[in-house]
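Protein chains in written order, with numbering that gives the first Met the number 0: chain A, 0 to 470; chain B, 0 to 545.
The hints are simulated quantities; they were obtained by calculation from the structure and are not laboratory data. Hints may be right or wrong, so weigh each one.
[As the list claims (entries may be wrong)] List of simulated lysine-lysine pairs, DSS-like, C-alpha gap at most 27 angstroms:
1) LYS334/A / LYS22/B
2) LYS73/A / LYS235/B
3) LYS261/A / LYS62/B
4) LYS244/B / LYS83/A
5) LYS251/B / LYS73/A
6) LYS22/B / LYS266/A
[As the list claims (entries may be wrong)] Incomplete in silico selection of chain B near chain A, CB under 7 angstroms:
7) ILE21
8) VAL207
9) ASP208
10) ASP209
11) HIS273
12) THR370
A virtual CB, placed ideally from N, CA and C, is assigned to each residue, including glycine.
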Amino acid sequence: MKRVLIFLLCGAALAAGWQAPEWVTSALINAEALAKYFGYTASKNLAEGRVEKTKIAILGRGFSGLIEQSTGDKSLEGVWYLPKNSVFFGRFDGLSWDRTSDRSRKLAQLIWGVTGFSEEGPEFLLLNARGAINFRTSVNTAIEWGAQVILCTESFDFFGNMDGTGPINQLVTKATGRRIIWVQSAGEFDGLVYTGALSFVESPSQETWVRFPQGYYLPLQVDADEAEVQITLNWDAYSPGEFFEGTDLDLDLQLYRWNGEKGELVKESCVRQTKNEDPGENESNLATEKVSVTLKAQRDPYFIAVKKIRGDFGGNHNLRVTIASNMPPVWDASKQASVRPVRLLEAGRKGNIQIPADSPQVITVSTDSQFASFGPTSDGRRKPDILFENQAARFSDRSTLDGPDVAAAHLTAWVAMALAAEPNLTSDGIRKWLARLPGGKLGQRPQPREAGESSLLWFTPTRDELKALAD
Amino acid sequence: MMGRFFVLMLVSALCQADDIPIKVQGIEELREYFQLKAYQGLRNPVKVMVLGSGFGGVEAGTKLLPQNTEIIDFSKAPRATNDPHDLQMAQIVWGMTGYAEEHLKIVLAQIDGVDAFGHACQAIIKTIRPDIVVFSNVWHAFGNFDGVSGPVDSWINEVTGHGIIWINAAGNNGGLVSNQKIIPNDFPEGRFVELPYQGKYLRFRNRVDDNTVTVSVAWNAYGSGFKWRGTEKSLKLSVIQPDGKEIAAEVKHVVGEPKAGEDIHPRQTLTLPHLKAFGGRDYLISLQIIGGDFNPRTDTVRVTLASSASADESTSEQDIDFLDRTEDNELGTAAVASGITVGDFSKHSAKGAPFSGKPEVLLDRREIMFTNLRGATGTSFSTAILGGIATVLKSHNQNLTQRDLLSFRSSVPGAVLADGKWSQSKSEVPWSVKRFLLGRAIDYVVYTEPTGIPYLGLLSPLSKLPGFERLPNEVKRSPDDYRTFLSWGPVNARDFGVVVSYSGLKEAAPSGTLVEFGALMALPSSGARYWRTPTEKELSSVGAAR
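Next up, chain A with everything else stripped away, as it sits in the complex (with noise of 0.2 angstroms):
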């Protein structure tokens, strides 16, 4: 008898605990059911009470509904999203933020939710990490705030050698280093990146051309018109040091259409490469090379090229090409699949994680969705760290989010109530724990399959496991 009162009083504790505050604008409305999916509501209640004091930073861009600390905005008072005492900064020297998108704002009330909806915390911090300069300022601010974990959703095609080290892995490692736990999001780059190992090959005029797997050229498909396009070149000449040296191998990179009878360049992108601190004109000291163009549909592919000009690239190097456009994934019948109208053909399914999802010191996580990022990297790591199912997030702003993306913010929400309940409990714990689970193991896409009532790929340790790994 002593023991049903218990378990009914323990069931009533736990219905109550995923109710957005009545002050709230627009909150997450499938929290209960995502935190019964992950197995969280056992780390809910070891957290209770504790969780709130939890400092998480979020590194992300799309902020919409978000009051900026410096400047306010009237039209804003009175609409909440996140506990009170939640703080944004948007502007730093670098990009503005995306101000179209609230998908960082949302990851955030994701972990609000998923932790219980108290009006205390967790404690939120903000950050305008669009591009490298405000992704500096953000990793310092969050260090100086004293965030306990970062969630990062950014990703960057160049500044890194593909292997965990270069400019950008250089301030995760600095966080980290700080004890900070850093969960990053694999990003959805399948079909847009093409990473190989470097090697060149002469035309019978003597130029030197990077070799693809079909020859001289990387085809690149375009299914719609007005298709702005950018290719981005990169590759691993980066200073794996603390201090950023620049580089002076040189590669070129060009876009051809084939018009029937023979290429036609496109558009091209020939900055100088030097390790000059100070470069001039049209010189650069990152290892990239970047080409903007705006692309009509075609039936047969255009093609992208890489020179090189000079240097010495002997021993081994790795480049990689990645596709950006402004034309997301539209629904196909014929193939009853999502297909990218802007995409690589000799794109890996594998291979494509980005920076900094690609160092050692972040736990990476990923979804067995279409299109998430997968590794290994260059040095052959595995990644991600973590795989989750695809669990969408449901908004009562009828929005839904998911992707690895998503899954970064349900890992986030648990190492925030698990820092609440073991305060001492560090990264290199949660990879032990990771190592253990059927989701850590894998380092692949797993074949798709029917949605369970619980993860398979995560399972939470216990209050006796979860000890074990803080110690």
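Following the hints, position chain B against chain A.
Coordinates of chain B only, in the frame set by chain A:
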């Protein structure tokens, strides 16, 4: 008048169809669907004006429209816009001609409000003289809802009176309008318009958190003619949230030059951002009479809601539920005037007043996709499709009038006419159904299988009914769509359709009885409002006597 305005630019150099950077996807299939294949190219010159405020993206050299396209800016304060809505309409018109270059002249007329609209109409009559005007704007105010008085509708009537074909969108206010007589009702806190809830309120429910809802109120206080004279009849609009918070619009209405906080137009608008659902509790709208003598016999007020959210795709639950909406008379100013008003089969497509015959045309294709993978939907794009069809027909018969166009309508939807598109799959008509239908004057019957595949059968005459024919999925997807599809127009005793659920059929068919038709619904059909493009022979016979 034209002196005030100037031709901004000639758009683009000579271009071939392959050079067009953005086209309508599947335009040939669309032309075939509307039986335009017989009309290759344009035979005689035709000038089409697309009137609107969203021509973003039209720049010199973009080749989005024919080489000789003109833009004329009638705006009070010309400014750049990114909105491509009306440019897309012009692209659809062009696409429906098969991207004809020869004989086609498109004029884009930019306006930024009703004053510019008046100037544009003057220019249409005096100098531009287009054959066809295509217009997608529908205003909640600026008219008396009667299509006759008020400057906007008067201008359209003047244009059509000059023999120019005017094609106007019905607008997407379906289910979001309440029309009420202005009967004063005294309360301790003041004099209010008598409304259905507690004598003082209209109710709506917001189903979505963080929604932006706009409440627009207009009343019929315009005089006749083309001038804005103003009114002293004034209403204050208030919205009371479920938590008791009240928000009000208190613009004062005047005759003559308005000062700050005053308006000559009989209207009030409240835009309510970040609105909460409050668990589906009611929001209340009240209208307080703050000036002027309203006549309860003749004065009416219209409240229109708009929302930034959309229906829930999984449950079909609407974003806002206007509990005290009225059932018809939803067409806004411009759509009620003497042009051809075009609607579609969605529940958002606005309905006309009973016996008004509006919208005159309903198109059953409403989704347009462009080759840049941007989609467009709503009555504007149905209007553009009909604008393109009218352009082709006018070019092939220059005697064609607006009245002639209306004579081509049919009482069956376009899908039925797209011969061969959906005739491969037939379902045996159960005897029980035939028996039920015998003796009833029914044009067609629609039912869906458990798989959701819709079938449509023509029942005229019933003895020749071959079977139910499968409809293309893109036309209709659910029984709900059919209910909307069949719910158009005034009920005509000799002209109605039935929706039958498959479960009912299955139970009924073996025994040959119809007792168990649980989901049988008798609904009014559309009458002759569906578009049917005439054959060349039919077209050539039009207007010959004139």
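Going through the hints against the structure:
no., hint, result
1, LYS334/A / LYS22/B, "24 angstroms, holds"
2, LYS73/A / LYS235/B, "25 angstroms, holds"
3, LYS261/A / LYS62/B, "25 angstroms, holds"
4, LYS244/B / LYS83/A, "21 angstroms, holds"
5, LYS251/B / LYS73/A, "26 angstroms, holds"
6, LYS22/B / LYS266/A, "24 angstroms, holds"
7, ILE21, "5 angstroms, holds"
8, VAL207, "5 angstroms, holds"
9, ASP208, "4 angstroms, holds"
10, ASP209, "4 angstroms, holds"
11, HIS273, "5 angstroms, holds"
12, THR370, "4 angstroms, holds"
Violated hints for the displayed structure: none, as all numbered hints are satisfied.
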